[in-house]
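Enquirer: For reference, the chains in residue letters:
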Amino acid sequence: MRFLLIEDNKGLSQAITERLELDGHIVDGVSDVSSANTMQNLTSYDLILLDLTLPDGDGREVLRHLRNINDLTPIIVITASREISERVKTLDLGADDFLVKPFDFAELEARVRAVLRRKRGDARNQIEIGNVSFDQLDGTLTIDGEPVTLRTQELRLFEALVDAPDRVHSKEHLMDRLFSFGDEGSSNAIEVYIGRLRRKLEHSNLKIETVRGRGYRILCP
Amino acid sequence: MRVIAAAIAFLTSFGWAQAFEIEDQKFYGFEDSKDVVKIISTSDIEIFEPLLLAFVNKYPSVGVDYTVASSQQVFKAVYDEQAEFDLVISSAMDLQMKIANDNLARQHISEATQRLPEGAKWRDRVFAFTYETAVFLISRSAFHQSEVPLSRRALVELVRQNTDRFSGRIGTYDIRISGLGYLLATQDSLSSQTYWRLTEVFGLAGTRLYCCSADMIRDVEQGRLAFAYNVLDSYALRKVAEGKPNVQIVEFSDFQTSIMRTALIPKNVKNEEAAEAMLDFLVTLADRPNLALSTGMNPIIEGEPKSKKLLSSVTLGPSLLVFLDSMKRSDFVNSWVSSMRIWQESN
Amino acid sequence: MSVATSTPIKGSVQRRLVLQLIFVALILTVLFVLAVRLVGERIAQSAQDSALFAAAASIASSMHSDNGELQLDLPHSAFAMLEAISEDSIFYRVSVGSRTVTGDDELSVITPASPLAERAYATEEFRGEPVRILTVPRALDVEGVFTNVSITLAHTRQGFHSTVSQIQSIATGVGIGFFIVSVALCLLASQSALKPLKSLVNAIERRGPEDLRPVNREVPSEVAPLITALNSFIVRLSGSLDKAEEFIAEAAHRIRTPMALVQTNAEIALRFAETSKSRGKIREIIVAARESSRSASQLLDHATVAFRAENPQLAPISLSELIERSISRFFPIAEMKGITLTVSPTKSNVIVAVDSLLMQSAIGNVLDNAIKYSESDTTVDISYGVLNDYGFINISDQGPGFSDGDIKHATELFFRGKKTESTEGTGLGLKIVSDALNVHNGRLEITKNGERGSCVSLQLPLHS
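Protein chains in written order, with the working numbering: chain A, 1 to 221; chain B, 1 to 347; chain C, 1 to 464.
Read the hints as simulated data drawn from the structure, not as lab findings. Since the model is a prediction, treat every value here as computed from it, not as a measurement. The C-beta atom is built at its ideal place from N, Cα and C for all residues, glycine as well. There could be a bad hint or two in this list.
[Claimed, not checked] Under the rule of at most 20 Å between Cα atoms (straight-line distance), these lysine to aspartate or glutamate pairs were calculated in the EDC-like manner:
| # | chain 1 | residue 1 | chain 2 | residue 2 |
| --- | --- | --- | --- | --- |
| 1 | B | K26 | B | E84 |
| 2 | B | K270 | B | D32 |
| 3 | C | K277 | A | E172 |
| 4 | A | K89 | C | D104 |
| 5 | C | K347 | C | D381 |
| 6 | B | K58 | B | E111 |
| 7 | C | K448 | C | D381 |
| 8 | C | K372 | A | E107 |
| 9 | B | K267 | B | D102 |
| 10 | C | K281 | A | E172 |
| 11 | B | K98 | C | E321 |
| 12 | B | K98 | C | E106 |
[As the list claims (entries may be wrong)] Chain B is faced by these chain C residues, among others (derived, beta-carbon under 7 Å):
| # | residue |
| --- | --- |
| 13 | G68 |
| 14 | L72 |
| 15 | L74 |
| 16 | H76 |
| 17 | F79 |
| 18 | E83 |
| 19 | S86 |
| 20 | E87 |
| 21 | S89 |
| 22 | I90 |
| 23 | D105 |
| 24 | R127 |
| 25 | P130 |
Let's have the full structure, built from the sequences with the hints guiding it.
Expert: Given below as structure tokens:
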């Protein structure tokens, strides 16, 4: 996805951009209101991350401006203030969600997914792999048209594998993706989930291969 | 001589002998009564007896010692000598007034006395209980009905024009002797100018002077007098009631002098309770109309002096003392005497 | 409502005013009555004395000489006049030196104060009664001899005393009437005088607890300094409130932004870590960073709640709406962790009067706790309804739960249960919830959720 990041703290902007790029996103970073407006005019973005405290004005102005010109790009506001009133005000001004710094990237991901899901309306965003149809936003799986219920962690595991289908994902890598660092879980939790996922994909033409010593990868026909 | 003087002094100290003169005395009620009320009064026993009898009837345990004296003597007894009496009754309002004014009468307030109208009691010390009107009394035989004078002016004219006819046949009080007479004369002089003309004309014709109403009335009735001037009506009315045809009361049209018979309790009263009872009894005479009628008295409470003509009412008050002033009195008497002397000298 | 300390009351301005006014009225009335009595006595005496003088004068004018002798024609009118005025005994004496010409010999002749005085009065006892005596000296020419004659006239005091007592009764009556009217006027006056104060009190009372506008009314001069002081206090308080808010916001920003940097970079580093050792170390860094962020967040939260608890803005709200607002932002996170969030109402339309933002913060803290300590594939359930006179919100999780001992201490500051030691957190969370509930006179109950997990129950008084 293409992000527009409006953040004045250079270090943080850099870090967020890098981190998002690690997950395969494209990020354009600006650090003030006027640049934000310029960029927005030039390109269309999938999502805007907006910090409220900017050097040449309030992030809310950007928010107001965009909504006034009927720009419906999803906006997630990032701010240091945890005040619920702040959240309410920002949402009232037209923001789609609200994230408090410092945030877990897992949370960002979850919120982005939620926002996009809401915004896309009827347009579908499916990924077809073999005879499996995977809706990223919805988080639903169908095998030959038959819906398969996956638990959340199973879905994320699947998503991670499917992200780079022929690549080997190390256990650690998968653990990072799955467990938002707070939940350490046991090291064989991955194995447990892989096992479950395999069972669920029994009727599909996808296969999850264990690469001894290195990790797992998903194989498509 | 000294022994007698001593005896008199001794007796006087007990109040048995007195310097004042009495005319009559009678006892009513229970003879051995310890509760005796001593009354001194100017009213004749004849007039007052029914009242006294009614009183002892009401209070059987009380005895009434009733003494009669002339108004001057009554005054002398009470004022000068402070003789021991429980109740003093007199027609001479001025003398009663003097006693009360000089704080020699005791105050008495009761339900009965409170009913008396204004002017009929004074400082709750002296109380009036009957009205008396001074009237003109004629002997019918001496007059044609047509010539009966109906006013003082008319009387003056009549006498002046008939001096011989009325010579020695006019009767009135000797004001030197009779306290009542003096009162009536002085009040008369206050009320009208005619008084002195009348006196002069009486003197001119020739007037007989009397000490008392009773004698005057008797002489009128017997025809010795053609008329008597200023007779108390209660006395006269009794005579009329007795059916004496020769006596006629004439009410003058100009005015009638009305006085009040009064009673007081002297300061040195002995039997206060009985005195108060008697006083209240007298004052409430109106409650016993039959008794009033039988005495011919005109009770004061709830009544008015019975006369259809204009009244000059003499009321209780210290102005009555004016004519008691020695100088004033001697002036008046001298003037009166010089008017009356005319006849006496010629007689 | 926040706990309002009742102001100790001593006395009442109105009562004080009324009592003092009545006291003043009473004093004035008494003075008035006394004055009238005094004056009345004087006037009565003067009137009586004048009458006496008139009578004496008329007696004096009736004097004449006759044959070298002093003669007196006592005027009837003089006595008649005195008689008409009152029911009193009259005594008189006309004397030349000590010789009585006529009248009562025993009556005292009053010597005038100065030789030129035309009358002299005295009050003495005569014949057993108090009398008022007047002596009028006159000079008469008796056959060429200038004779000083004294006309003395006296009367008893009954009439005088009766007049005086009449005056006294009237004065007392008027005084009482005056007093009653004064009392009524005092009451009215005090009401009216205190009206501006009362209306000021009303205006201030009608303000909400969060109203920090200065008092902008016109006030009576006596109260003005008080209102000025109040307004400056309000301004200072507003100012310090604003400063505190600013401080919190500023602190938040300054702590969080660097923390965000640390966390983000650590996560990036984790991706590039090659050895398990370095991974382990980086993970530890991330954990530590997270912990300090969380601590900072909770500290700031706690400060905000404490701060807000001073001036809560209460408004009625239904539990369903309150919960909806509180949990909407948790869905993404719950989903991320594989935790199912459910809402189970047991009764609809339960209304409570609360500060919505405070309660959202509290509920958020509980949910945050619940989600944090639960593993994936568990459910966090939020049920709500009515119990006795309270509306309740029960948040149950299937996490490690509390041990019995821990439950007692759960709301203590910085407490962390035995079973939570492996996860980061400051332990402020439940304290925040407890504080928020206290503001509303609510209750916090923590129980075990069956075999596994805990149930945190937030109870709020129902809105009547």
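Enquirer: Now tell me if each hint is right for this structure.
Expert: Hint check:
| no. | hint | verdict |
| --- | --- | --- |
| 1 | B:K26 - B:E84 | 16 Å, holds |
| 2 | B:K270 - B:D32 | 17 Å, holds |
| 3 | C:K277 - A:E172 | 12 Å, holds |
| 4 | A:K89 - C:D104 | 116 Å, violated |
| 5 | C:K347 - C:D381 | 15 Å, holds |
| 6 | B:K58 - B:E111 | 18 Å, holds |
| 7 | C:K448 - C:D381 | 14 Å, holds |
| 8 | C:K372 - A:E107 | 13 Å, holds |
| 9 | B:K267 - B:D102 | 11 Å, holds |
| 10 | C:K281 - A:E172 | 14 Å, holds |
| 11 | B:K98 - C:E321 | 112 Å, violated |
| 12 | B:K98 - C:E106 | 15 Å, holds |
| 13 | G68 | 15 Å, violated |
| 14 | L72 | 5 Å, holds |
| 15 | L74 | 5 Å, holds |
| 16 | H76 | 5 Å, holds |
| 17 | F79 | 4 Å, holds |
| 18 | E83 | 4 Å, holds |
| 19 | S86 | 10 Å, violated |
| 20 | E87 | 6 Å, holds |
| 21 | S89 | 4 Å, holds |
| 22 | I90 | 4 Å, holds |
| 23 | D105 | 11 Å, violated |
| 24 | R127 | 4 Å, holds |
| 25 | P130 | 11 Å, violated |
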